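Colleague: Here's the letter readout for the chains.
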Amino acid sequence: MIPYPQPQWIEKMYAAKVGRDHLGLGSVSSDQILPSLSPSINVLTYHPRYHSFYVFLLDEFWQRERPRTWSAWENFFRPREFIFSVGAHLCTQPEHGKMGKIVGAQKTSALAAQQLDRYNTQTDYIKSRQGGYGLYYRTVMAEMGLIYPGGKGFPYPIDVPSEFGKEVADAFRRAIAHTDYFRTFFGKDATDVPLDVVQNYIKHACLCQLQTDTAPDRPLLLDAFLYRGAKAEARRHTFRMLLDLVEQTQGYAIDQNIYRQLLYFQKAENGATFTPRKANAETFRRWRLYQAREYYAFALNGLWYYLCDWGITNNGDLRPIALSELWTHIHQVLDFDALAHYFDVPSPNLNANSGVQDLLNWLMRLVGANDATAFDAACTLDSPINEYRLHQFAYDDYEENPALTVPAMITMLALVYLRFGQPSLWQMPEWEISKMGEDGRLSVNAFIRTLHDNLATGWLALNDFARWMYRDYVILQHQLVATSKLPDNTFRFQREGDRLRFFNIFNNWQFMDSRFDALSTTIHELGLCGKLEHPEHPLSTDGKKLLNTGDLS
Amino acid sequence: MNGLKLPEQMKGNWHHALFVTYGADLPFFETALWRQFQTNCRNKIILADGHRLLEGFVHYAENRLARRVNHSYVADGIFVPRTAHAKLILLTSPKRGRLLVGSGNLGWQGYASGGELFTAYDYDAEADDGTQKINPFLDARAFIETLIHRGYITGAMAQMRLRHLFENTRWFYRSAVGDWHPVRHNLTTSFLQHIREVIGDNPVDELWIASPFYDKKAKALKRLLKTFAPKKTALLVQPGQTSIDPSVLQTVLNTMPQCEVRVAQRRANDGSADNTYLHAKFYLFKLPKKAVCLQGSPNLSQVAMLKTAPEGNIELANLLTGTRKAFDYLLDALIIEPPTRHIKALDLRFDASNSTPSELTGEWRLTGGELDDDRIRLTYSGTLPALVDSALMVGSFILPGEIATANDGLQCTLPDTATVDFSHPVPVRVRWNENGETQISNPVFICHRAALDAALEISDDTQILPRIGDLEIEDREIEQLLGELQSSLVIDRRSVWQAAGHTLPNSSSTDDNDDTLHLSYADIDYEALRQHPKFSQYRTGSAGTGGQPRTRLQMILSAITNHFNEVLQPAHSAPAMANIIAALDANTANAESEEEAEADAEARERRHWSQNRRIRRILQNFITRYLRGVRNDDFREMVGHEVMAHNYIIFSHILWRLLSKEWASHEFIIESFLQLWHDFWGFSTRNGYYFQLPLEQQADVLGWLADKHTPAAMLATVYYSDFLVRSEKLFDLRMELRDFWRAFLQYTPFTWTEKIIEEAWRLVGSMESYQTPPPAAIFEALQQLANYETELSLLRALEDFQHVPAHSCHFEEVSIFREALSRSATEKCLVIKTPDALADPAAAQRWLRHWMRLETLDYYRLAAPDSNGSAITLFYEQTTGKGVFWARHTGAKPADFGNIMPLPTPWDDALTRLQTLVAQVDANLQWQPIRISENAKNA
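Protein sequences appear in the order of chains C and G. Take the first sequence: its position 544, counted from the start at 1, is 544 in this note's numbering, and no numbers get skipped. Take the second sequence: its position 772, counted from the start at 1, is 1325 in this note's numbering, and no numbers get skipped.
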C-alpha cells in the first residue's frame, strides 16, 4: 500500500485460461460414463506394471526408518522412478516394442538414448514431485485396493500399501531381487548407477515383462484388474468385450478412431467389422451409448465453437453483441441445402423455417428407412450422411465452411435422436448411460425425451430448435460451467443483459479420450492378447479363456 | 508500480464488507471473491443499481447461478430515477478500515481486468494520531446514510445490515479532522462544481481525460473545456471501444484546436501494449504548480459530471491534489500514441445502450422482499395493478393464498401446507390475472431473514478453534487458526499489553520483537487485567460454568481432549473408500494428456510451495512468540500458573500435531519442544518454571497436565522425536534430546503407570501406524536414546567423569590376539594421555566401569602411555568376565581380575521402572499393531 492515497491501476488477475470442456459435457464421459465402463483405468494409466512397481516402492519406503512425510516419500521415490524410467527406454526385451506413456519420458528418453556410463539418481526428470504415482496411478491403485491413501483426513500421514498391495510388492521384489541394482544401488537415494546395471535390472522390471509367464506379479495383477475394487465386474466385462473385438479383428490394426467406428457402426473404414457375442451384447450396447454421447457432445461443442468464432469475427470482444444479432445470424446459416451440397446429396429444400420433422424425414429418406425404428440399422458407416462423416467435416473443412457448422451439428443431433428416440430403448438397463449428466450436465436422455415431447405436441421449426440448443445447451451451459470454475477464468463469452461479450482465447473442438489406448495396452500387457495397433493381435491362452468363460479365477 | 490486487484486499480480519456498484456479477462475488474472506467477515452487503440488479435477477432466476444471494449476504438495489453508478468497497473491523473508491463494478472486469482505477484509504483506530485519515471513511458513511435518508435504499434488511456495520464499527463516530475530504459524491454538488472549488481561478495548462463514455452531444466535454479553458487537452480513447459520436468529436476538434485525441492502451508488464479494455475514468488537471485529479465513477457525461442526483446519476470519486507530476504515473502506465485527427479510423461510435440512463418508468415491478418466519413481504415500484386472482410463485411452485397490500408493499403468509423449499435462493414472482390474461411479475430473490441472521451470528471460533484437536485443517486455514489462538490466549507480554488496552508500538506490529514492548508495571491496572475475559477464562479452566457459553480456552482444551480420546480408543475409524477416492480424484483423474496432468500438478505444487513457505514463516513467528513468553519472568509472574500450565498443554499439543504435518521442519519443532521443556521444566538444573512454583501450585499444574495426558504425550514425543532425528540424521539435536530425556527420567514429577505407557503407545501408533512398534520396542528405543553417545561425546563424558582435561583421551585401533575368540582381531583401544590415569588397578577399573556405562562392547581395552613410550594396559573380555591389568613400566607382571560391572547411571532406576511397566502393558495388550479398520477396507 502506498503511503498516501493515490489512484492505482488494478492488477490483471484470473487471467483467461485455455481450459477445456467448456460446456461440461466431457466430464460426464470422463467422470461418470467411462468410470462405469472401465473403472480404475483412466486415460493416462496405460501400464499395469506400474501398479506393481509403485506399490513395491511404497512398501520399501515403509520398511525403512524414514520420516513418514510426503517429502521423505518423494525423496525416496524419485531416484528409483528415475532409474526405472531410464531403464524402460533401454529395455531390449522382445516383448518391449514401441512403448509410449513411460513416466518421465520427456527427459529420460533422451538420457537413455545417450547411453551414459552411469545414471545419477538425483537427476531432475519430472516436474511433479510424486512423479507418475501422484500424477496418474495413485487414485486407481487406491480404487483397486493396492494402497490406503494417507495424508490430511486419513489415519496415516502418507499412503500405505494394503495387505494385498504388500503381496504385489513382494511379487515384484521377487522379479528383481537378484539384480545388482536392487542389491547394491536401490538402497541409496543418491548414487550413480552404471548403464549395464540399469539394463540388467530393467530386463526383469520393465513394464513389458509383466506379460511374460515368469512375471511373479502377473497373476496378482490379473486378479486385481479382474476382481478387485468396487466395480471390478464392469472392468471384467469390458475386457471380455475387447477380447471379443480382438478376436474378430485379426488382420486389422485397431486404433481409437477405428474403435469408435466399430462401437457405433460395427464396421470401420479399414474393413474391420465387429458383431459382439451374446455374452458381450449388453456391454457393447453400453459402450455404444457412450459413443452416442460423444457425437451428441461433439455437436453441442461444435455449436459453441462456432459461436465463439463468430463472436470474435464480429468484434464481440470489443463491443458486446446483442443476442438478437445472433438469432438473425443463426436463421441465416441454417441452410441445409448447402449441407447437402457439401455431402453431394440432393438438396432437401430445408431452411430455418422448415420443421425439425422435415429434417428427420430427409435423413430417413437418405438411408432408405421407412420409419424411425428402421433408421439405426439403415444408417451405416457407408451412408452419405452419418455422424462419422459430419465429425470428419469438422476436421477437414471447418475453416473453409465455418457457417456450415450450424446445420451440420443440428443434423448430428437429429441423427442421434433418430437412432435412440425410440421409447422402447429407454427401458433397457444400459440406457442408464444416457441418463448420466442429468445433474446439470445435459444428459442424452433428457435431450432425446424433451425433443420427443416437443415433436409429439406440435410443430417445431429448425430455427426454434437451433435457438433452443443455443440458449439452453450452449450459452447457459457455458455460463454455468465457466462460473463453476471461477476463479479460473474460462469464459469465452459472458452475458451482459441481452448481449454477449466475447473473449478472444484459443479454443479446440474434439472428442475426449475414450480410454481405448489405455485399455488396449492394459489387456496386452496383462498377457491377454497382442498389441491392437498391429494387424495381428492374437489372443493368449488366458485371453481365450476369459473371452470364452468370462472368468480367469 | 505494482497494480492493486483488488480481490486480495478482501483478505484480512474484516468483520464487515460493503460493496456499492452499478452492476453486480453475483456468481463472481460468490466464487472468486467469497474465498478471500475470512470467516469473521459475516456482514456482507452489496448495493447495486436497482435496475441492473433486477435485470440480473431475471437471469439468475433462469440459470440459478446466484446460490447464496440474500441467504448468506444481502444484495439490494439502489433505486433512483437515473443510475446508481457509484463504486465503493468498504471493509471494516472494530479496529481498522479500508475504503476503496474507483471505477470498477463488482465483477471480473471491474475487479480483475487491469483496466480500472481505485484509490485505497486505510484507517487504524488504534494508531489514530489525530490525522485526517478518518475523513474518507466518515464521508463514505455520510454518502451511504444520505442514500438511505433519501429513500434510495428501501430494503429493510439492507438498511439493518448497514446500521449493523456502522454501529459495530465504533470509530465511525469519531469526528472529522481538518478539511481534507478526498472522497466526493454528487448528491448535493456536481463534480464540475467540486473541481471548480479546488482549482479556483488557477489556469489549467493541461487536461488529460480518460473516459470510456461521453454523452451523445459531448456536452459535458464542451462544458469542461469551456469552464477550465485548458491550454491543451488530450482525450484518451480506445479504438472500437470508447463510446462517443465520432462526428460530434470531430466537431469538437474542429472548433477547439487545443483539444487533441490520442489512442491509449494499457502497458503490459513487458512494456508492450495489451488490449485491456480501459473502463477507468480520470481527469487530470495540470496547473502551473500542482495537479488535481478526479478519479472514480463519473464518465464525461452530463448526468455524471454536470448534474446532481436525482436529476443526474449517483456518482462517487476521489478528488486528489498533488505536485504537478504527482499523477503522471497514471499516464505512464499507458502507451499513449501521438495525437490523431483521423477520427474515422478509430472506429468510435456512440453506444446508446450504455449511456442512456434508465428512466424511471411507470411500469410496475417488484424491487425486493423478505421472508420472516412464515410471512413474505414484497416491495415494488410503479403503479400497483389490480391483483385479481393473485398468487405468489416461488420458483415453479404457486402458493395458494391471497396477496394483500400492506405498508406500501405486498404481503402474504405461507400456508402450513406449503412445501416450498426456501433453504436456498429461489426466485419469487407475483402472478395475477388482467383482462383474462395471466400476468407474471419480474422475479426477485427475497431476503431470508433467518438464514441471514444465522450467517451473521455464526461464531468463527466454533468453526476453527475445535479443529486444533487433530489439526486436520487446510493449509489456508492454519493462518486463521493461529490468529484465533493469538486473540484467544495470553501467550506473551504483547498479549498482556493488548489486553491492558494499549496500542502496540508501531515497530512491533511488523517485526514481532517482544523486546520492543517496554512493559511498565506502572502502566498496568492489575485489577482490570484480571477481569479481562482473556485471563478470567483460564480460571474457569476446562470445566465450564453452568449455563455460560464456553470460553475460547474451553473450546481449545476440549478439542485437545477429544482428540486424545479418539486416538486413545483402541479402534481407529477411517473414511469410507468411496470418499477417499473422490478426494484423490479431485487432484488426479481429470487430465486428458500427460502435458495437461503435469501442468495441473505443477500449478498445484507451485501454489502449495508458496503457501507452505508463508505458513512456515507464520508458524515460526507464532511459536517463537510463545516460547519467548514462557521464559520471560515478568510474564510468568503476571499471568500465573494457570495460564502457564494451560498454555503449556495447548502448545505441546500443537507442536505434537505439527510433527505429523509438513508446515514446519521437524528440526524446528523438536528444537521448540526442547526449548519449551527447558523453560517450563528445566529438569537438568531444576530451575525451570515448574520447579520455581510453590508446592501447592506444582500440584495444581501436575493435576491439569495429567488430566490432559501430558505424561504420555511427553513419552510419545521423546520417542517420536528420536525416530525423526535418527531418520534425518540430526545428530546434534539427538544429543540435546538425549540430555533432556536423561534429566526427565531422573527428575520427572510424574509417576509412571501402565495407563500412561499404554496411552503413549497409542499416541505413537497414531503417528507410526503402518508398523506400530510394540511398547517394548518403544522402550528399547528410549533406552538407547538415554544411553546414546557418539565417539566424541563418549570421550568427553569419560574425561568429565574422570576429571581429566578435555581431549586427554582418544581411540585407536589395535590388532590383538583375543583368547576368547582364539584369533586375532582389530579392536578399539581407549588411549589416555594423562599421567597416572591408570596408576593402579583400582583407578584403571574405574575408567573401565565408566566406559562400560557409556558403551556396551564385548571387549574393552585401555592404554595409558608413559613418557618412555611403554604403556599401562588394561583389557577386559565381557563374554568371559575376565580382565588383565599390566603396568609394564613397573616391571610388574600382568594382574588378572574378575567380573566388572558398569557404573550405574542416574537414570537406570527410572528406566528399570519403566521397563517393568512396559512388560506388563505388553502382556496385557497381547500386542496387535494398530491397523486401518476392516470397515474402511470393505467400503
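Heads up, a few of these hints could be off.
To be verified - DMTMM-like mimics (lysine to aspartate or glutamate), calculated; alpha carbons at most 25 Å apart, straight line: (1) C/Lys435 - G/Asp1153; (2) C/Lys485 - G/Glu864; (3) G/Lys772 - G/Asp900; (4) C/Lys17 - G/Asp823; (5) C/Lys98 - G/Glu1147; (6) C/Lys127 - G/Glu1151; (7) C/Lys101 - G/Glu1151; (8) G/Lys779 - G/Glu864; (9) G/Lys564 - G/Asp732; (10) C/Lys12 - G/Asp823; (11) C/Lys127 - G/Glu1147; (12) C/Lys17 - G/Asp900; (13) C/Lys267 - C/Glu11; (14) C/Lys98 - G/Glu1149; (15) G/Lys1446 - G/Asp1419; (16) C/Lys166 - C/Asp192; (17) C/Lys485 - G/Glu890; (18) G/Lys1282 - C/Glu95; (19) C/Lys127 - G/Asp900; (20) C/Lys12 - G/Asp885; (21) G/Lys558 - C/Asp376; (22) C/Lys12 - G/Asp754; (23) G/Lys1381 - G/Glu1352; (24) C/Lys98 - G/Glu1151; (25) G/Lys564 - C/Asp124; (26) G/Lys1282 - C/Asp124; (27) C/Lys12 - G/Asp677; (28) C/Lys107 - C/Glu95; (29) C/Lys435 - C/Asp376; (30) G/Lys648 - G/Glu615; (31) C/Lys98 - G/Glu1148; (32) C/Lys17 - G/Glu1149; (33) C/Lys101 - C/Asp376; (34) C/Lys485 - G/Asp1419; (35) G/Lys1435 - G/Asp1475.
What the hints contain is simulated information worked out from the structure, not anything from laboratory work. As the structure is a prediction and not an experimental result, all values here were calculated from the model.
Colleague: Please go over all the hints and tell whether each is borne out by the structure.
Modeller: A quick look at each hint next to the structure:
no. : hint                  : result
1   : C/Lys435 - G/Asp1153  : violated (30 Å)
2   : C/Lys485 - G/Glu864   : violated (41 Å)
3   : G/Lys772 - G/Asp900   : holds (21 Å)
4   : C/Lys17 - G/Asp823    : holds (20 Å)
5   : C/Lys98 - G/Glu1147   : holds (18 Å)
6   : C/Lys127 - G/Glu1151  : holds (7 Å)
7   : C/Lys101 - G/Glu1151  : holds (13 Å)
8   : G/Lys779 - G/Glu864   : holds (22 Å)
9   : G/Lys564 - G/Asp732   : violated (31 Å)
10  : C/Lys12 - G/Asp823    : holds (14 Å)
11  : C/Lys127 - G/Glu1147  : holds (12 Å)
12  : C/Lys17 - G/Asp900    : violated (29 Å)
13  : C/Lys267 - C/Glu11    : violated (55 Å)
14  : C/Lys98 - G/Glu1149   : holds (23 Å)
15  : G/Lys1446 - G/Asp1419 : holds (17 Å)
16  : C/Lys166 - C/Asp192   : violated (28 Å)
17  : C/Lys485 - G/Glu890   : violated (38 Å)
18  : G/Lys1282 - C/Glu95   : violated (44 Å)
19  : C/Lys127 - G/Asp900   : violated (47 Å)
20  : C/Lys12 - G/Asp885    : holds (17 Å)
21  : G/Lys558 - C/Asp376   : violated (57 Å)
22  : C/Lys12 - G/Asp754    : violated (39 Å)
23  : G/Lys1381 - G/Glu1352 : holds (17 Å)
24  : C/Lys98 - G/Glu1151   : holds (23 Å)
25  : G/Lys564 - C/Asp124   : violated (36 Å)
26  : G/Lys1282 - C/Asp124  : holds (24 Å)
27  : C/Lys12 - G/Asp677    : violated (28 Å)
28  : C/Lys107 - C/Glu95    : holds (23 Å)
29  : C/Lys435 - C/Asp376   : holds (20 Å)
30  : G/Lys648 - G/Glu615   : violated (42 Å)
31  : C/Lys98 - G/Glu1148   : holds (20 Å)
32  : C/Lys17 - G/Glu1149   : holds (13 Å)
33  : C/Lys101 - C/Asp376   : violated (37 Å)
34  : C/Lys485 - G/Asp1419  : violated (83 Å)
35  : G/Lys1435 - G/Asp1475 : violated (36 Å)
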